[in-house]
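Chains A and B, in that order, are what the protein sequence lines are.
For the first sequence, the residue numbers in the UniProt record's numbering are 1 to 260.
For the second sequence, the residue numbers in the UniProt record's numbering are 1 to 744.
Just so you know, these hints were derived from the structure itself, not from any lab.
A hint or two may mislead.
Stated by the list, open to error - Simulated restraints on C-beta separations:
# : chain 1 : residue 1 : chain 2 : residue 2 : range
1 : B       : 662       : A       : 231       : 23 to 29 Å
2 : B       : 643       : A       : 251       : 43 to 49 Å
3 : B       : 372       : A       : 186       : 44 to 50 Å
4 : B       : 450       : A       : 217       : 57 to 63 Å
5 : A       : 70        : B       : 312       : 23 to 29 Å
As the list claims (entries may be wrong) - Some chain A residues flagged as far from chain B (calculated, every beta-carbon gap over 10 Å):
#  : residue
6  : 19
7  : 25
8  : 26
9  : 28
10 : 66
11 : 87
12 : 101
13 : 114
14 : 125
15 : 149
16 : 204
17 : 206
18 : 243
19 : 253
20 : 257
Idealized CB from N, CA, C, for every residue including glycine.
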Amino acid sequence: MYFPQQEYIDDSIDANNPDLLRIHSIETLGTHDGPGIRMVVFVQGCQFRCLYCQNPDTLDIHGGTFISIEELIEKALHQKSYFSKKGGVTVSGGEPLLQREKLIHFFDRLHENGIHTCLDSNGRVLDSKTEQLLERTDLLLLDVKHINKDWHKKLTGLKNKTTLRVAEYRESTGKPMWLRYVLVPGWSDQEEYLHEWGQHFTSYKTVERVEIIPFHQMGKHKWEILGLEYQLADTLPPTAEEVNKAAEIFRLYFKNVKIK
Amino acid sequence: MESTTETLYFKPGNWNNAIDVYDFVLQNITPYEGDQSFLVGPSEKTKTLWDVCKDSLLQERKNNGCLSIDTNVISNITSFGPGYINKENEVIVGLQTDMLLKRAMKPFGGIKLVESAVAERGLKVSDEVVKIFNYAKDHNQAVFSAYDSEIRAYRSKHLLTGLPDNYARGRIIGDFRRIALYGIDRLIEAKKADFAAVAGEMTDHKVRLREEISEQVKALQDMKIMANSYGIDIAVPASNAQEAVQFTYLAYLSAVKEQDGAAMSLGNVSSFLDIYIENDLKSGLITEEEAQEFIDQFVMKLRLVRHLRPGAYDEIFGGDPTWVTEAIGGQLNDGRTKVTKTSFRFLQTLYNLGASPEPNLTILWSKNLPQGFKDFCAQVSIDTSSLQYENDDLMRTNRGSDDYGIACCVSYQKIGKTIQHFGARANLPKALLMALNGGREEDKGSVVIRNIPQMEDGILNYDSVMNMFKITLAEVARVYAKSMYIIHYMHDKYYYERAQMALIDSDPNIDIAYGAAGISIIADSLSAIKYAKVTPVRNDIGLTVDFNIEGDFPKFGNDDDRVDSIAKEITTIFIDELRKHMAYKNATPTLSLLTITSNVMYGSNTGSTPDGRKGGEPFAPGANPMHGRDVNGAIASLNSVSKLNYEDAQDGISYTFTMVPKSLGSDKEEQVSNLTTILDSYFDRNAHHLNVNVLDKETLMDAYNHPENYPQLTIRVSGYAVNFVRLSRAHQLEVITRTFHDAM
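Here chain B stands alone, though its shape is the one from the complex (with noise of 0.2 Å):
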C-alpha cells in the first residue's frame, strides 16, 4: 500500500505488507516525554455537546438507570440507521441506536435475560422476537442443554457463580484500529486470503476456522454499510486525523451494535492515533484544540455505551458498566515509551468532560514512563478517581508484547493477536466451608462436593484441614473447567463476536481465564486455624453455623509473612489444579484474583468463616485484604498484596486501594509526588494492579445521602470504576466501609 497520500507521510515498514498495526506503531510513533502544559480545555462545540448529553444522562438516573429501549429491532451491525446527539456540533459520530442512550436487543446471548430486563422495564420484547426464539436457538439453552447436574448443583450452590452462560462472555478486544490503517476492503481480502490458507483434509478445526472466517468477511462488509449510512466511506484507509479517530470507532461501534459482552473493551488506541494527530499538527491542518476535539468527543461517544441488562445482572456487574477499557502508556521493547501527547490528551477528558467511570482508563505503568505523565496521572487520580493502574514492566516482560491492551478490569490481551475467554470466578470461601463440612454446602446440607470425608469435631487442625481443602479445590477445578468448556463451545456457535473477531488474527491464541474470589477470607481463615484455636459451631445437622476463635492471628494486609504465604500457596494450587484439565480450543488456563462487584454478592451467599466473618457479610473486593484488618497502613497493606505471584494468577490481580486525600500529604504538590513514589515501589516489587481511589469518607456519605448532587461523583470499584450514585444501596454502603487508609 501507498505510505504518502496528500497529506500523510508514514515510515514504511513491515506493515505496509501485512496487517501489522504494530510495525506501523513502532515505525512512526513520537514519544512526549513532557508534561501537560500543552493541554486544552474543550471547545465550543464539545461544551454544547456535553450538555446535550448531561441532560440525557439525568433523565436516564431519573428513570431508573434507562432511558428507552427498541423492543422491536434485534440489534447486529446495520439494523440501526444513524443516530446524533446534535449533529452540527458532532464531530465524531455514530450511536449504537437511532438515539441516545436507547438500549437495544442483543438476544443471542440469552432471550430469557433480554425478556426479563425489557419486563423490568415495564415492556415487552415484540412477538416477532419472541417467535424467532421458536425456531431457533440461543447461547444460554445451549448452554445448559449441556450441563450436567454436577454443574448445575455448583452454580447453584454458589461455588461457581456469575458465568457467562445467560449472557455474553465479551473481553475479546479487537484490533480497532485496522480500519484506520488498511481500510475494509483490504482486511477483507486478508481474510479472504486466510480462509483460502485453510486447506487440505478437513478436521473439526478447519472446518470451524472456515466458518468463522466467512463470518468475519460478512461483518467487515456490514461495517461498511453502516459506515455509509453516516455518509462514510471506510473500505479505504483513513486519510487525516478526524478519519483516525472517526474510523478507530465505528469499529468499535461495530462490536458494540452486535454484542454485549460483559465487558467491551477498547485496547491500546491513544498513540496509534497520535500518529495521524502528530501529521495533522505538522502539517498545520489542525490545532491543538481540534486535536482535544477529536479526543474529547470520541471519549464521549465511549461514555454513551449501553447494553440492556436485568436487576439481577447488577449484583455482579455493579453501576451498569461496560468496560470500554482503554490502556494508555507503557513503554516499547525497545526502550522508548509508548506516552504520547495523545495519551494526556486521553487524561485531559477526565478534566474536559469532568469525571467518569467510562471509558476504563488504565495506566499502563513502568518505572521508565516520563515523569512528566507519571506526575499527570497522579495529579489525575487525586483530583478525579478515575484511573486504575497496571504494571506495564511486569506484563510486557512476562506475557511477551508490548502491544497489548487490557480486556474488562485487569487482564492482559496482545492487540489483534490473542484473545481470552471469560470465566468469572469460583467462590473459595464457600468451597472451604464444603471442606469443612464433608463436601456439603453449609446453608442447607445438600451434598455438592462427593468423597469429602467428614472432619472430627472440636479444634480445626490445620494440616487436616489444608488436606480437605486441597481435596475440594481439586474437585472445583475439575467442575470448573467442565463448564468453561461447554460456555465457549455454545458462545462460538451460537453467539460468535464476529465483529471484533475480524479484526484479530485468524485462529488466534486464547487464554482461558478463570477467576477466584475471597482469597483474602482463605489466607485469614487458615492462619487463624494454624495460629489460633478455631473451634467450629455446628447446628443439629452437623454444619458448621460459626466459629469460636480463642486467640490472636496474623491477617492478610500487614505485610506479615505467615498468612501472606497462605494467599499465595493457595492460588498456585488452584490454578495448578486448573492447569489439569482440557479447556476449550485448547485455550491457556490463567487465574484473576477479582470480584468486580461480586463480592457483595458472594458475602451474602456465603455462611460464616473460620477468618470471623460472620454469614451474610461481604467478601473483600478483588485481592483487597478485609476491611478494616489491615492496621499497619497502606504500605503493609500493598506488601502483603504484591506478594501474590502474577505467573499463579495471569488474568490479574486486583487490589482496590482508598486514601483520602490527606494522607497522601499535605498539598498537591506533596500528594502527587508521594503518590507517584507509591505507585513506583508498588510495582517494582512486582504487583500487578491498583485502582486508586483518594476521597473523603464524608463525601461518599454525603453522596449516599444527596445523590442528586453528586451526578459524576466516580470511584474505583474492583478493576474498574462506577458512578457511585448508579450503584446499589447495598454496594455503596460496602464501599463505604471499606479500608480507609487514613494517618493517625
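Okay, chain A solo, but in the shape it has when bound (with noise of 0.2 Å):
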C-alpha cells in the first residue's frame, strides 16, 4: 500500500504557531536544489504520491520535526560565508506550498539579511498567498513531472493542471525558474510527451534553464523502512544514452540543458 492520501488541513500542517514551520531535515551543504552553495531545508508534507518518490518519509503532513523561522534564520546567517556571490537558501521538501504563509515570513526575514532565496516546488497551491510567496522567490525550481495530464495522474496521484498555472502564472511576473524534469524508463521518458512538454515551455522567457534529473534507487531503502509498496523497485535508471536522447529532445526547446 501506498501512503494514504491526506486531506489538506491548513491546521494540520501549520499548526497553530505561524513562527514554527514542520520541516523533515535540513542539508548544509546543498549543490543541487538551485545555484551555487545552498542550506536546503526539506519540509514535511506532500500531496503528490509519486511512485519514484525519493523521500517517501516527507510525505506524511503530521510528521516531521517543528523548527522555528528565527532559528533557521540564524542557522542560514551561520552560513553565510559559504552561500557566497551565487548561494542561498532553499525550501524543498515535501510541498513546500502547503506551509506557504509562513514561508512568505521567512523568506522576508531572508531577503532582510541579504541571502538569496529558491522554492523547489511541484506548484501543487495557487492562491494569492502562493502568489505572495514566489514574489519573494529569487528562483523557482519547478517540477512538471509529466505534460500529460493521465500519465501525470498516474504518475504522481494528481493531474497537472495547478503546476502549469503556476507556471504561467510565474512567467506573467517575468521572474526567473528553472524547469526540472526526472525521467523515468517507461513512465517519463515518451518521445512525444517530451517533445509536447518542450513545445509548452518553449516561449517561455523566464525559464533560466532545464534540469533533467535521471531517476535512480537511492530512495529505495527509505520505502522499505516505511513499509510501503514501491512499485518502481525493479526499474533501472535510465542509461545514460536514454538521458542524452532526452536532453536532445529539450534542447531543440531550451538553451540550457543539465543533466543532473
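Using the hints, put the two chains back together into the complex; each one sits in its own frame.
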C-alpha cells in the first residue's frame, strides 16, 4: 500500500504558531537544488504520491519536527559565508506550498539578511498566498513531472493542471525559474511527450534552465523502512544514452539543458 | 657573495650578507597569477623511470610492504655508496641506500625496535651492529633510564601514547634550500662563526650549543662527501635550475639517510626553486618540458623515501608514511602571492606520475590566492584526493612568519629559524574515564592517577564531572610535561639531528608540540551528561563498563554552540595546564588536535564512553566529529570544527573531510567552484586545517576487496595521505565507516 492521501488541512500542517515550520531535515551543503552552495530546508508534508519519490518519509503532513523561523535564520546566517555570490537558501520538500504562509515570512527574513531564496516546488497550490510567496522567491525550481494529464495522474496521483498554472503565473511575473524533469524509464521518457513538454514551455522567457534528473534507486531503502509498496522497485535508472536522448529533445526547445 | 654567474642574475639583498634564504625569495620571486594551461606532461625519461619504480613498488607491496633491508650497515650521510634507479634517465639523482626501496637501519633511536623490525622480516641484525650497543647507549635506553613509575603507568595504561621514546621524534625541518643558494663551504663558515660567538663563562647551555654546532659542521662536511660520490660538487652554490633542484634534494637526502624520524618534512621549496627555473627559462637554457622533468623526478625521489619500521608502528602511523610534507602557495606579508609556476608544477606531478600520498602536498590557503591556483587545487583534489589545506591567513598573522613549512601533518614551522619537539598525544577520553573511576583505569582497575575521589552513584552531575575532569587533566598535563622533558633531553643527547640542524640557525626557538586525541568524544560525552541523563553501569569492582543514556543531547559536528563550546573549553583547559610546566630548552608549549591513524588504536584501548561509544570502537580522527553524528550536512560539520580556537592548539587542528563527488555538484566545473567556495569560507572562519577526500564509498569498498586493482589509490587520513591498499584492514574499514558527506 502507498502512503494514503491526506486531506489538505491548513491547521494540521500549519499548527497554530505562524513562526513554526514543519520540516523533515536540513542539508547544509546543498549543491543540487539551485545555484551555488545552499542550505536546503526539506519541509514535511506532500500531497503528490509520485511513484518514484526519493523522500517518501517527507510525505506525512503530520510527521517531521517543528523548527522556528528564527532558528532557521540563525542557521542560515551561520553559513552565509559559504553562500558566496551564487548560493543561498532553498526550501524543498515535501511540498513547500502547503506551508506558504509561513514561508512568506521566512523569505522576507532571509531577504532582510541579504540571502538569496529558492523554492523547489511541484506547484500544488495557486492562490494569493502562493503569489505572495513567489514574489519573494528569487528563483523558482518547478517540477513538471509529466506534460500529459493522465500520465501525470498515474505518476503522481494528481493532475498537472495547477502545476501548469503556477508556471504560467511565474512567467507572467517575469521572474526566473528552472524547470525540472525526472526521467523515469517507461513512465516519463516517451518521446512524443518530451516534445510536447518542450513545446509547451519553449516560448517561456523566464525559464533560465531545464534540469533533467535521471531516476535512481537511492530512495529505495526508505520505502522499505516505511513498509510502503514501491512500484518502481525493479525499474532501472535510464542509461546514459537514454538520458542524452531526452536532453537532445529538450535542447530543441531550450538553450540551457543540464543533466543532474 | 656574487649575485651573478654566467647564466644567473639575482637581485641582491641581505641574503648576500647573511644566511637569509627568505630575503632571496622576497627579492627574486616571480608570483604567478595565471592558470594551469602552461603545464606539460611527463618526459620520456620520466615515464621510463617511473615504470621502473612502479615495478619495484609492486614487488614491495607483494613482499608485505618491504622490498629489502640492509642488516649490516648503520645508515648515516656517507655510509652508502651512490644508488641509482636507471642512471641514464635520471636527471635528479640520489637514493637513501645503494638500491631502490632498500631500507636501512638507523638504530640510535632504539636498537630494540630495529631488531624487531628486522626480525619480523625473517632477518637478523648483524652481530657487529648488535655488539656496538653493548657499549653504546641509544635514545630508547636513555629515556627509560630516566622515566619514573608514574610515567611508565601513564604510558602502559594508554593515557600517554605514541611517545617518541623508542623511535626518532622527527618533525625538525632543515632549510634544505640553503645548500642550493650558498653551497656547503659558505654554510660551514657561518656555523664556525656561530661557534666562535658562544664565548665567555661556560654554562650547560653554551657547552651543549658548542657541541651541537660542531656536530652540524661535521654533517655539512659529510654532505659534501656524499654529493661527491654522485660526482656533484655542492661546496659552491647551484649555478642553474637543475643544480638548484639537485642540491636541495641532496640536502634533504642527507637528513633521511641519517634520521628516521616519524615525520621528515621538506619545508617550502617550490617557489624558491622557481626562481632558478624562471631564470633558466628566460635565458632559453631550458624548456617547460625540462622544468617539469626536474620537478617530476625530484618528486619521484621523494615518493621513494623509506624507513625501517616494525609492525607495531603501523598502529599509530598507518600506511608506512614518511611525511615528506611540502607547503605550497600562501601569501607574502607584502601582499604578493607566493604562488609561482613551480607551485603548479608540483601539483602537476599528481597527473604526470599519478596520485600519491607522498610528498604530503599541503596547500597554504589564503583568500587572496590567485583564482587560477585555487581552481587548480580544487580540481586536483577532486581528481586525486592527494591534497590537504591549511589556513595561511591564520598562521601567517598568528605565528608571525610568511616563510614557513608544515612539519609532519599540520604543524607550522618557520623555516630555518624555529623547530619543534614532537610530543605525540594524550588520550582524553581515557582521562575522562579515569575521572569517573576515581583515578583507576577502566579496564583492570589499577590506580593510575592518585587523589581522584570516587564519584557518587547514580546519574552523573555535569558540574561534579567537570570538576573531577579538570583535576584529572591537570595531573595528565603534569606527567605529560615531565615525560616530554626527558624524551627531548635524551633525543638531543643520543640521536641529535645534525643534518637538519646544520641547515637551521644555531640555537633556534622551539615549540614543544603536545597533542590530544578524542576531543569530539569528550565534547559529546560532557554534552550527554549535561543535556541528557547519563548513568554509569559499574561492574563488581565499581568500574564503569557502560553508560545508560536517557534522552537526546547535542552532538559535536552540527554547528550547535551548546556542545561545540564544550570542545573549545576543554582544549583551553588542557593547554593552560600544559603551559604551567617547564619544557626542555625552554620550549613553548603548543597543542594539536590530531591523531594520525592512532584513532583506531586509541579506540581499541579505551572502554565505553558516556557519549554512547562502545568500548573498543575507534575514535574519530583528529578534531573530526564522531562518525555519523554530524547529521546536518557538511557545512554544519565544518562550522563546528572551525570554532576550535587556533590560539589554544597552535600545533594544528586536523579535520579530515570526505565527500562523494556528486555532493559537490553535478559537473566538474560546479564541483571546482563549490570546493573553492567551501575552502574560502571555512578558512574565513579561522579554521586551521582540512584534508579533502573526494571519493565514492563504493570505490573504497572495491579497493578493500580488490587491492590489486588500486595500487595508487590515495586517500587523506588524519593530516596526511596514504595509499589505501597499504593501510591495515582495520584502518581500511575505519575509513570506510567515516561520515561521507552526501546530499539527500
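Against the structure, the hints come out as follows:
1. Taking 23 to 29 Å as the suggested C-beta distance range, the pair residue 662 of chain B and residue 231 of chain A conforms, at roughly 26 Å.
2. Between residue 643 of chain B and residue 251 of chain A, the C-beta spacing of about 47 Å keeps the proposed range 43 to 49 Å intact.
3. Between residue 372 of chain B and residue 186 of chain A, the C-beta spacing of about 46 Å keeps the proposed range 44 to 50 Å intact.
4. In this structure the hint that residue 450 of chain B and residue 217 of chain A lie 57 to 63 Å apart at CB holds, the actual value being about 59 Å.
5. At roughly 54 Å, the beta-carbon separation of residue 70 of chain A and residue 312 of chain B lies outside the given 23 to 29 Å, and the hint is violated.
6. Every C-beta of chain B lies more than 10 Å from that of residue 19 of chain A, the closest at about 20 Å, which supports listing it as non-interface.
7. For residue 25 of chain A, the shortest C-beta to C-beta distance to chain B comes to about 7 Å, within the 10 Å cut-off, and the non-interface label is violated.
8. For residue 26 of chain A, the shortest C-beta to C-beta distance to chain B comes to about 6 Å, within the 10 Å cut-off, and the non-interface label is violated.
9. The non-interface label for residue 28 of chain A is inconsistent with chain B: the shortest C-beta to C-beta separation is roughly 3 Å, within 10 Å.
10. For residue 66 of chain A, the requirement that its beta carbon stay farther than 10 Å from each beta carbon of chain B is met, with the minimum near 15 Å.
11. Taking the minimum C-beta to C-beta distance to chain B, about 7 Å, the non-interface status of residue 87 of chain A is violated against the 10 Å cut.
12. No beta-carbon of chain B comes within 10 Å of the beta-carbon of residue 101 of chain A; the shortest separation is about 25 Å.
13. A cut-off of 10 Å between C-beta atoms confirms that residue 114 of chain A is not in contact with chain B; the least separation is 15 Å.
14. Distance to chain B confirms residue 125 of chain A as a non-interface residue, since its nearest Cβ pair spans about 23 Å, more than 10 Å.
15. Annotated as non-interface, residue 149 of chain A keeps its C-beta farther than 10 Å from every C-beta of chain B; the closest such distance is 29 Å.
16. Distance to chain B confirms residue 204 of chain A as a non-interface residue, since its nearest Cβ pair spans about 23 Å, more than 10 Å.
17. The claim that residue 206 of chain A lies off the interface holds: its Cβ sits roughly 22 Å from the closest Cβ of chain B, which is beyond the 10 Å cut-off.
18. Residue-level check passed: residue 243 of chain A sits 12 Å from the nearest beta carbon of chain B, beyond 10 Å.
19. Interface exclusion of residue 253 of chain A from chain B stands, the closest Cβ pair being 21 Å apart, more than 10 Å.
20. Distance check on residue 257 of chain A: its Cβ is at least 12 Å (rounded) from any Cβ of chain B, clearing the 10 Å threshold; non-interface status holds.
The structure fails to meet hints 5, 7, 8, 9, 11 from the earlier list, while all remaining hints are met.
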